[in-house]
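Listed below are the residues making up each chain.
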Amino acid sequence: MVFNSLEFFMFLPMVFVLYWFVFNKHLKGQNILLLVASYVFYGLWDWRFLSLILLSTIVDYFVGLRIYNTDDSLKRKRWLWVSVIFNVGLLGFFKYFNFFVDSWIDFSSFLGYNIESPWMLRIILPVGISFYTFQTMSYSFDVYYKKLQPTTDFLSFAAFVSFFPQLVAGPIERASNLLSQITNPRQFNYHQTVSGLKLILWGLFKKVVIADSIGPIVDDIFANYTAYPASTLVLGVTLFSFQVYGDFSGYSDIAIGTAKLFGIELMSNFKFPNFSRNVAEYWQRWHVSLSTWFRHYVYIPLGGSRVSKLKSVRNICIVFLISGFWHGANWTFVFWGGFHALAFIPVFLMGRNTIYKDSVVGQNTFFPSLIEIGQVLLTFGIVTFSRIFFRSESITDAFQFIKRIVTDCSYAPYNHPMGYRMIDYYILIALFVLYEYRIRKDERAPFKFKSKVVRFIFYTIVVLGMLLFYDDQVDRSFIYFQF
Amino acid sequence: MKQLFFKIAIYAFLILLVLEGIIRIFHLTKDYPARYVDRLGVEKWVPDQEGYSVTGIRRQNFSKYNINDFGYNSYREFKPTNDKFEIALVGDSFVEGFHQHYYNSTGKKIENLLHGIEVYEFGYAGYDFADELHLIHKYQATFDLIDHVFIGLKFENDLHRGEYNIVPDRIKLESPMYRSLRKIKLLVYLQNIGAFSAARELTRTLLSFGQDNPDAAIIETESKESKKQRYLSYISNFESLVNTYGYNKKRYTLLINKTHTPMVFLTYLDLHGFTYLDFSESFQKSVRPTTLIYDMHWNDHGRDIIAQLISQYLQSEFNDNLLK
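For the record, the sequence lines run as chains A and B.
1 is the number of the first residue of the first sequence in our numbering; add one for each residue after it.
1001 is the number of the first residue of the second sequence in our numbering; add one for each residue after it.
These aren't lab readings, by the way, just hints derived from the structure by calculation.
This structure is a prediction, so every number in the text was calculated from the model and none was measured.
The reader is advised that the hints may include incorrect statements.
Okay, derived cross-link-like pairs now, DSSO-like style, lysine-lysine, Cα gap no bigger than 27 Å in a straight line [stated by the list, open to error]:
| no. | chain 1 | residue 1 | chain 2 | residue 2 |
| --- | --- | --- | --- | --- |
| 1 | A | Lys28 | B | Lys1002 |
| 2 | A | Lys28 | A | Lys77 |
| 3 | B | Lys1002 | A | Lys448 |
| 4 | A | Lys441 | A | Lys357 |
| 5 | A | Lys25 | B | Lys1002 |
| 6 | A | Lys452 | B | Lys1138 |
| 7 | A | Lys452 | B | Lys1172 |
| 8 | B | Lys1002 | A | Lys450 |
| 9 | B | Lys1172 | B | Lys1138 |
Construct the entire structure; sequences and hints are all you get.
In C-alpha cells, the structure reads:
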C-alpha cells in the first residue's frame, strides 16, 4: 500500500477511528492495532516479506536484551555483531547479491577471464528493507552504547520496527525517540492532529503536483539524452532535482503527518535543502534521518572529527561512499556518494561545515543577500550535477550525459512528451521555490498563516494544484521505495 | 475530536464549493450535450445545442461544438437538394469531431479543398456499422439526395452485431441520475482526468477476489481458429446489416484503415464489389503525428490528410471541376 493510493485513504481513517475510539486509553490495544495495521500495510504489497520484518524484529529484540544483561564487553560486542551481521546480511542478500556477482564477473572480464554467471538469482527487493534494517540496528547500537535500556515489551518493539507511516521509506527513527513514545500512553491532541493533516496535504502536493508531474519529462530526457541538446539535458537534471526532492520529502511529510494522527512525533527528514548555502548545510537538511544515522553509528565510532584531519577526511569518505552504496546496488550511487565526499571535504577543511547549523538563508531578513543567493545557487548546482550519477542507469550513461552537456553546447526548445505546455511547469517550479522560501523556517508548518481566510485560500490552491496536475497515466510509485 | 470532524467537514465542503466554481469559471471540463432517440428510432444529439469539449488536464484540448438541427455536430445544416453536390461522412467520434472546433472539421476541410460541395457530417461517438446503416436507412429520402456517402468502418469495433438495436448503456447516460451528476462539474472533471479509475479498479479487485479475470483469459488464449471464427462472424454481421438496411454500392464508400483490417475482410469486400478508401498508407507516410497526443482521434494534420484523400477520390470519381 502506498500513501498516494485510494486504499491508503480508506485504510488510514479506519485505523484512526479504531485507535482513538475503540482502543483509546488502552496502550496495549493501541500498540497491537499499530502492529496489525503496519503488517497489513506492508502485507498488501507482498505478505511473504513480512517474515523478514518479523525475523529482524525477533533478532534485535533478543540481541538488545542479551547485550543489556551482560557486563562482559566481549560478549556485548559479539551480540552487537549478531545484529549487524544479520541485518547487513539481509540487505546484502536481497539488495546486493546480484550486484556483487555482476561486479565480480565484470572485474574478471577486465582481467581477461570470462566467467559464466551461475549464481545470478531472481531476487525481488523487499520494499523498505534498507530502512527497517537500519532502524532495528540503531536499537542494538543504542543499547550497546548504553544510551538506551532495552524494552521487555515485544509487542511495542515490533510496533516500533514496523510502524507503518515510516516503515518503507523512513524517516529512519532511533529507538530513543520512537520506541519511548510507543511504550508510553498517548493522548488525543487536536493541534497535533491538525498539524498532521496539514503535513499530509503538503506532502501530497509535493508528490502529486511536483514529483509526479515532472516525472515524465525527466524520464523522457534521461531515456533519450543522446537525442537532446545540452540545454535540454540541463533542464532534465534540474527538474530531476525537484522531482526527487518533491517525491522523497513529500513521502516524509505524509509519514510525519500520519504519525501525528496517532500521537507520535517522528523526526524531521527534510529541512528545505534547496536553500543550503554549502554542501555541508545541504547534508544537514537532506534526508536528515539517514545522515544522523551515519553520523552516530559510522562517523563518530570511526573517530569523527576528533581525530587528525587526514583521518577525518578518511571518515568522511567512508561515510559518503557507504551512504551512496546504501541507496542502491549500482556503481552510479557509489560515484554519487564519492562526488559528495569531494564536495564536502573542502568545506570541512575550511571549517565551514557547521557554520549554518542553526540558521536558514535570510535568517533575519525577508530577502536573502546577494551573497546568499550566490551560495544557494552554487550549492544547488553542485547537488544537481551529482544527480546525473544518481539518475543514470550506468556510469557510462552518466559520463556520456555529462560529455554531451559539455561538448554539445546548444539550445533547442523542449516539448513535453505528452504534449502539455512546458511553461506550466516552469511557473509551477518557480512558485514552489518562492513558497518554500516563504515557509523555510519551519518544515513542520507548511500553512503557517495567521489569517484563516489566507490559510483557506492556500488549502484550496494546493487541492486545485493536485487537480490540475494529476495525471493517471504516470507512474505514481515513490522513488525511494527502490532503495 | 468533534471539533476536528466538524472543521474537516466545513473545510472540505468549502474547498469543494470553490473548486466547483473555479472549474465552471475557467471551463476546465467538458460539457455533455443531451442525447435522445428520435421518432425514427435513431440515436443522436438533441438538436440546437452548443458547448465546449475539453480533453486532458489544464484544458489541453479545448474546442467548441455545435449540434445542428439534424442532431449532429456541424457548422452547417443538412439540406440536400438535387441541384447541389453533397457528400455525407457517416461515422463515430472521429467524424463527430468534438475534439476540434466545429469550423475546423474534416468536412469543412473538404469543402475548402473542393469547389461547390457541401459536406454533411453524421458523426456520433460510439456509432458502429449497425448504427450507421440504420441511420441511412431511416433517412433514406435525405440520403438519396446526397451524391456520395463515406461510411467509417473499424473492423474490430464496428461489426459486433448483425442488427440494429438502441444501445441501452448509452441511453442510460440520459437518466435523471446521470444528468444530475453531470451538473456537478467537479465530478465530471475528476472522472475525465481518471481520478475515479482507482476506485473502479479497487471495486473490481474486491468484487473479483479469488476469481480469474475472464477478459484477460480470452485475450491471452485466443487461438488462430477462434480468431478466424470471430472474423467470420463479423463478416456475417456485415452481410446481415447490408441485407437488412440496404447498401448502395455505387454511392457508398467505406473509409477504412487497412493496417487494422484483416485480409479476409478486404478480400470479401473486393469479391463482393464494395469500394473502400484506405487512409493507412497516407498516415504511415506522414512525418508529423496524425493523432492527438492524449487520445487516438485525428489531430488537425490527420484531418487534413483524410480531407485530401476524400477530395482526390471525389475528383477522380466525379469531376475535375470539383477541385478548387
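The hints, checked one at a time:
1. A:Lys28 <-> B:Lys1002: Since the Cα atoms of A:Lys28 and B:Lys1002 sit roughly 25 Å apart, the hinted pair holds (cutoff 27 Å).
2. A:Lys28 <-> A:Lys77: Since the Cα atoms of A:Lys28 and A:Lys77 sit roughly 32 Å apart, the hinted pair is violated (cutoff 27 Å).
3. B:Lys1002 <-> A:Lys448: holds, 23 Å
4. A:Lys441 <-> A:Lys357: Between A:Lys441 and A:Lys357 the Cα gap is close to 13 Å, so the pair holds against 27 Å.
5. A:Lys25 <-> B:Lys1002: Answer holds: A:Lys25 to B:Lys1002 is near 18 Å, not above 27 Å.
6. A:Lys452 <-> B:Lys1138: Cα-Cα ~62 Å, so violated.
7. A:Lys452 <-> B:Lys1172: It is violated: about 44 Å lies between the C-alpha atoms, which goes past 27 Å.
8. B:Lys1002 <-> A:Lys450: This hinted pair holds, its Cα atoms lying about 23 Å apart.
9. B:Lys1172 <-> B:Lys1138: holds, 23 Å
Comparing the model with each earlier hint shows violations of hints 2, 6, 7; every other hint is respected.
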